[in-house]
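Participant: Here is what each chain is made of, one letter per residue.
Number of protein chains: 4
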Amino acid sequence: MINVLVWNEYLHERMYEGVGRIYPRGIHGCIAEFLGRCDDMNVKTVTLEDEDDALSDEVLSETDVLIWWGHMAHDKVSNETVDRVVRHINGGMGFIPLHSAHHSKVMKKLCGTTCNLGWRNDDKERIWTVSPMHPIAQGIPEHFELPHEEMYSEPFDIPNPDEVVFMGWFAGGEVFRSGVTFTRGGRIFYFQPGHEEYPTYHNETVQRVIINAVRWAAPVTRAHRCIPVENRKRLPE
Amino acid sequence: MINVLVWNEYLHERMYEGVGRIYPRGIHGCIAEFLGRCDDMNVKTVTLEDEDDALSDEVLSETDVLIWWGHMAHDKVSNETVDRVVRHINGGMGFIPLHSAHHSKVMKKLCGTTCNLGWRNDDKERIWTVSPMHPIAQGIPEHFELPHEEMYSEPFDIPNPDEVVFMGWFAGGEVFRSGVTFTRGGRIFYFQPGHEEYPTYHNETVQRVIINAVRWAAPVTRAHRCIPVENRKRLPE
Amino acid sequence: MINVLVWNEYLHERMYEGVGRIYPRGIHGCIAEFLGRCDDMNVKTVTLEDEDDALSDEVLSETDVLIWWGHMAHDKVSNETVDRVVRHINGGMGFIPLHSAHHSKVMKKLCGTTCNLGWRNDDKERIWTVSPMHPIAQGIPEHFELPHEEMYSEPFDIPNPDEVVFMGWFAGGEVFRSGVTFTRGGRIFYFQPGHEEYPTYHNETVQRVIINAVRWAAPVTRAHRCIPVENRKRLPE
Amino acid sequence: MINVLVWNEYLHERMYEGVGRIYPRGIHGCIAEFLGRCDDMNVKTVTLEDEDDALSDEVLSETDVLIWWGHMAHDKVSNETVDRVVRHINGGMGFIPLHSAHHSKVMKKLCGTTCNLGWRNDDKERIWTVSPMHPIAQGIPEHFELPHEEMYSEPFDIPNPDEVVFMGWFAGGEVFRSGVTFTRGGRIFYFQPGHEEYPTYHNETVQRVIINAVRWAAPVTRAHRCIPVENRKRLPE
Numbered sequence: 001m002i003n004v005l006v007w008n009e010y011l012h013e014r015m016y017e018g019v020g021r022i023y024p025r026g027i028h029g030c031i032a033e034f035l036g037r038c039d040d041m042n043v044k045t046v047t048l049e050d051e052d053d054a055l056s057d058e059v060l061s062e063t064d065v066l067i068w069w070g071h072m073a074h075d076k077v078s079n080e081t082v083d084r085v086v087r088h089i090n091g092g093m094g095f096i097p098l099h100s101a102h103h104s105k106v107m108k109k110l111c112g113t114t115c116n117l118g119w120r121n122d123d124k125e126r127i128w129t130v131s132p133m134h135p136i137a138q139g140i141p142e143h144f145e146l147p148h149e150e151m152y153s154e155p156f157d158i159p160n161p162d163e164v165v166f167m168g169w170f171a172g173g174e175v176f177r178s179g180v181t182f183t184r185g186g187r188i189f190y191f192q193p194g195h196e197e198y199p200t201y202h203n204e205t206v207q208r209v210i211i212n213a214v215r216w217a218a219p220v221t222r223a224h225r226c227i228p229v230e231n232r233k234r235l236p237e
Numbered sequence: 001m002i003n004v005l006v007w008n009e010y011l012h013e014r015m016y017e018g019v020g021r022i023y024p025r026g027i028h029g030c031i032a033e034f035l036g037r038c039d040d041m042n043v044k045t046v047t048l049e050d051e052d053d054a055l056s057d058e059v060l061s062e063t064d065v066l067i068w069w070g071h072m073a074h075d076k077v078s079n080e081t082v083d084r085v086v087r088h089i090n091g092g093m094g095f096i097p098l099h100s101a102h103h104s105k106v107m108k109k110l111c112g113t114t115c116n117l118g119w120r121n122d123d124k125e126r127i128w129t130v131s132p133m134h135p136i137a138q139g140i141p142e143h144f145e146l147p148h149e150e151m152y153s154e155p156f157d158i159p160n161p162d163e164v165v166f167m168g169w170f171a172g173g174e175v176f177r178s179g180v181t182f183t184r185g186g187r188i189f190y191f192q193p194g195h196e197e198y199p200t201y202h203n204e205t206v207q208r209v210i211i212n213a214v215r216w217a218a219p220v221t222r223a224h225r226c227i228p229v230e231n232r233k234r235l236p237e
Numbered sequence: 001m002i003n004v005l006v007w008n009e010y011l012h013e014r015m016y017e018g019v020g021r022i023y024p025r026g027i028h029g030c031i032a033e034f035l036g037r038c039d040d041m042n043v044k045t046v047t048l049e050d051e052d053d054a055l056s057d058e059v060l061s062e063t064d065v066l067i068w069w070g071h072m073a074h075d076k077v078s079n080e081t082v083d084r085v086v087r088h089i090n091g092g093m094g095f096i097p098l099h100s101a102h103h104s105k106v107m108k109k110l111c112g113t114t115c116n117l118g119w120r121n122d123d124k125e126r127i128w129t130v131s132p133m134h135p136i137a138q139g140i141p142e143h144f145e146l147p148h149e150e151m152y153s154e155p156f157d158i159p160n161p162d163e164v165v166f167m168g169w170f171a172g173g174e175v176f177r178s179g180v181t182f183t184r185g186g187r188i189f190y191f192q193p194g195h196e197e198y199p200t201y202h203n204e205t206v207q208r209v210i211i212n213a214v215r216w217a218a219p220v221t222r223a224h225r226c227i228p229v230e231n232r233k234r235l236p237e
Numbered sequence: 001m002i003n004v005l006v007w008n009e010y011l012h013e014r015m016y017e018g019v020g021r022i023y024p025r026g027i028h029g030c031i032a033e034f035l036g037r038c039d040d041m042n043v044k045t046v047t048l049e050d051e052d053d054a055l056s057d058e059v060l061s062e063t064d065v066l067i068w069w070g071h072m073a074h075d076k077v078s079n080e081t082v083d084r085v086v087r088h089i090n091g092g093m094g095f096i097p098l099h100s101a102h103h104s105k106v107m108k109k110l111c112g113t114t115c116n117l118g119w120r121n122d123d124k125e126r127i128w129t130v131s132p133m134h135p136i137a138q139g140i141p142e143h144f145e146l147p148h149e150e151m152y153s154e155p156f157d158i159p160n161p162d163e164v165v166f167m168g169w170f171a172g173g174e175v176f177r178s179g180v181t182f183t184r185g186g187r188i189f190y191f192q193p194g195h196e197e198y199p200t201y202h203n204e205t206v207q208r209v210i211i212n213a214v215r216w217a218a219p220v221t222r223a224h225r226c227i228p229v230e231n232r233k234r235l236p237e
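Residue numbers (the numbering used here), protein chains in the order written: chain R, 1 to 237; chain E, 1 to 237; chain A, 1 to 237; chain L, 1 to 237.
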């Protein structure tokens with residue numbers, strides 16, 4: 001069983017009626033629901049409102065893959081929590097930042113870059129599968145469309161990713177590396193779609209991508225600790 | 001001085017009046033002309049019609065960067081020539097395959113993949129600079145347009161490139177990794193624009209990309225040989 | 001179930017008494033035996049002596065992961081077979097070249113480089129796990145020793161690998177990237193240990209690496225074809 | 001001209017007589033001296049003792065490549081300085097962390113990992129040139145020895161580097177990725193040799209590596225700013 005934890009800021013859904021109508025149980029609730037239908041996953045959710053210990057060492061030790069959605073309140077996440085989450089990723093936990101989580105403190109700390117990009121509200125996006133044999137692309141068609149999505153454009157200030165799995169085309173004229181992987185101890189998959197004003201996480205292809213990504217990011221065995229720094233006084237020779 | 005050799009199939013320009021009007025001295029002639037204006041480059045050209053020894057070991061030994069344009073006659077290039085060219089790239093020579101040279105024998109041999117892609121004639125392309133600080137992107141705007149270009153689309157069957165420098169957006173709805181780098185001993189830059197029916201190589205931004213790429217691909221010093229296989233009977237210890 | 005096919009040259013074992021004593025059923029027999037104990041694997045073997053159709057399109061279509069051991073007879077494998085094998089790897093089949101298979105035609109064709117290296121007979125090797133959280137490193141200690149192994153040294157003329165999983169230290173004074181991954185459609189893992197004169201494939205840690213590698217290289221679903229080249233006359237837009 | 005700034009903690013040289021004898025003008029003084037003999041470099045130095053504005057925005061804006069040596073006082077560098085330095089690297093400035101700077105705040109922030117490793121005092125190291133055609137390897141022999149160096153061993157907790165240029169062999173039995181490159185806007189080269197108790201930076205081959213690295217890391221043109229985050233209300237289309 002893969003233990004998945006879905007973290008969501010959970011603000012837009014309560015502040016804006018339109019968003020709340022799309023995600024009555026929050027974005028985390030929607031994601032937890034479709035992941036929860038997978039026989040190989042145990043899914044829990046947590047939101048910004050919960051106490052800090054919602055992402056305590058104990059909780060994170062029991063998490064195989066952490067999904068992250070945040071937007072307006074990145075700064076509300078404490079540096080201590082960010083350090084703790086990054087430490088667990090360095091120790092092997094999978095991490096899937098979604099959409100505006102490109103600017104989350106955790107993602108920026110893992111990347112060492114600004115993660116800046118261009119953006120514009122409401123465009124049509126067509127997502128192309130660049131690496132059709134990648135485990136995250138299993139069952140995903142060569143291309144699929146999101147009739148309404150926030151436009152994110154290059155240049156996207158990230159390190160050279162391990163793999164580009166998906167690329168986005170926008171009707172307004174831009175392109176974006178919409179699905180990219182990194183390794184920082186644990187495996188990381190950033191996926192661009194998911195603006196709160198559109199029903200993106202109700203899209204079955206998007207759901208399939210996230211299900212695939214959870215399975216891909218799950219550590220085969222969980223190390224529960226990072227690579228140590230050690231004085232090795234005893235020589236192997 | 002960087003010794004540049006421009007190889008061109010040189011068939012379309014002579015077979016089709018329209019192409020010949022755009023490139024009266026051949027695509028190679030056009031490329032050699034704008035490269036030749038660079039003070040740090042010695043430029044020569046060679047075409048399929050020349051004898052095999054036009055790409056002899058002697059010629060290749062004096063070449064720092066080889067530019068390659070081919071389309072309808074990939075199979076006319078002998079396997080011996082391909083092996084020789086690849087050996088010199090493995091030994092440090094830079095290589096810049098352009099446009100339909102994605103399907104050249106040399107490019108496929110360097111990649112170990114089919115280099116297949118989707119295509120369609122005559123679309124509008126907008127090229128985005130994904131890695132604005134890359135040497136090949138120096139002086140290139142964030143994005144620029146080619147009003148007419150052949151559409152090349154993902155999935156593009158290449159190995160994970162070292163770097164994605166440019167990405168293409170097509171009005172018809174596709175995306176493409178339009179400028180990518182590889183290393184195979186020498187440095188390789190594949191650049192997608194350059195269909196023979198459009199005046200792409202007269203475009204000053206395209207010219208600047210190719211000029212930058214030549215400087216980037218030129219070996220600091222030319223090894224003139226590949227990494228050897230050697231029986232090392234003498235131990236370092 | 002993962003369908004594994006173990007290809008072995010199967011010459012040294014029959015020509016040299018010492019080698020035959022170590023691998024009485026051939027290197028392929030030894031590998032097939034320990035893989036065969038895995039509940040999730042169907043293992044078959046094939047040797048150079050078998051007819052060409054031992055690696056026919058039909059056989060390869062039913063193969064998820066192909067393991068390859070060869071040394072003195074790389075040239076005896078026909079170019080047609082090599083092309084067929086590479087095509088299936090490009091279509092998603094996993095590939096695990098072992099030891100001297102670095103110089104197999106298939107490996108060189110996938111890499112686009114010479115795959116040259118330095119070598120010397122009989123040294124002590126210590127293998128270090130560089131990427132301890134990689135699926136191929138599951139259960140492998142931080143380092144382990146092979147008291148007798150052929151020394152392979154850098155520089156190793158391969159493309160920049162996707163990941164370096166293991167690195168080798170040799171008592172004679174050399175280092176080597178002993179376990180590296182590539183992607184060429186299918187996933188590739190090259191693993192250096194396995195000189196025929198030593199009982200390397202009887203080592204349980206080496207066996208565990210190969211078992212892990214098979215699971216890692218197995219395609220989630222098998223595409224059975226490469227990315228196509230297609231004229232896309234119908235616009236997505 | 002390349003503007004190089006050498007930052008050094010400058011503590012060991014003044015606290016320990018033995019270190020001071022090796023580097024009477026500090027490690028920074030030694031590095032500045034051999035770099036200063038290059039016609040294409042302007043070299044300045046700065047130490048921890050200098051005021052914070054020794055790494056002010058103004059100073060960093062005029063720096064093409066920043067070299068960093070630190071060990072016992074990583075925590076004495078303020079987070080504000082670290083953020084400023086990283087911002088300039090993201091904007092294109094080259095960065096060369098040396099030896100124990102693997103644990104500097106700047107390096108860890110760029111990597112998003114712990115940068116942990118194993119270590120032991122005083123061993124013999126042999127450095128192997130893994131990528132002999134890389135610009136940083138120009139003029140460097142296939143391997144060279146440091147009779148006394150601090151042992152640093154794998155696993156080294158860094159992201160998958162862009163390139164492995166050098167690998168280290170230690171007489172005590174360990175291996176290490178001793179020279180690796182990353183890109184975070186600017187180009188980064190980490191080089192492991194340089195323990196303060198040994199005259200490593202007086203070694204001419206080590207000096208040549210650092211000279212090469214400065215030339216490689218120098219931005220072709222300096223952007224002076226990171227990739228922005230921008231609301232792009234005007235459509236390209």
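No wet-lab data here; the hints were simulated from the structure. Do not rely on the hints blindly, as some may be mistaken.
As the list claims (entries may be wrong) - Now the stretches of chain A that chain L is said to cover, found in silico as 3 or more residues with beta-carbon under 8 Å:
1. 63 to 71
2. 147 to 160
3. 172 to 179
Unchecked claim - To spell it out: a stretch of chain L is covered by chain R in this simulated footprint if at least three of its residues, at any positions, have a beta carbon under 8 Å from a beta carbon of chain R; those stretches are:
4. 113 to 122
5. 158 to 167
6. 173 to 187
All values reported here derive from a predicted model rather than from experimental measurement. We put the beta carbon where it would ideally sit given N, CA and C, even for glycine.
Participant: Quick check: the stretch 63 to 71 of chain A, covered by chain L? Criterion 3+ residues, Cβ under 8 Å.
Facilitator: Coverage by chain L is violated for the stretch 63 to 71 of chain A (0 residues, Cβ < 8 Å).
Participant: State whether the coverage of the stretch 147 to 160 of chain A by chain L holds or is violated, taking the criterion as 3 or more residues with Cβ-Cβ distances under 8 Å.
Facilitator: Contact hint for the stretch 147 to 160 of chain A vs chain L: holds, 5 residues under 8 Å.
Participant: Given that the stretch 172 to 179 of chain A was listed as covered by chain L, double-check it with a C-beta distance under 8 Å for 3 or more residues.
Facilitator: holds (count 4)
Participant: Mind taking a look at whether chain R covers the stretch 173 to 187 of chain L? Criterion is 3 or more residues with CB to CB distance under 8 Å.
Facilitator: holds (count 6)
Participant: Taking 8 Å as the C-beta cutoff, is the stated coverage of the stretch 158 to 167 of chain L by chain R satisfied by three or more residues?
Facilitator: This one holds; 3 residues, not fewer than the three required, reach chain R with a Cβ under 8 Å.
Participant: Within the stretch 113 to 122 of chain L, is the number of residues with a Cβ closer than 8 Å to a Cβ of chain R three or more?
Facilitator: holds (count 7)
Hint 1 from the earlier list is the only one contradicted by this structure; the remaining hints agree with it.
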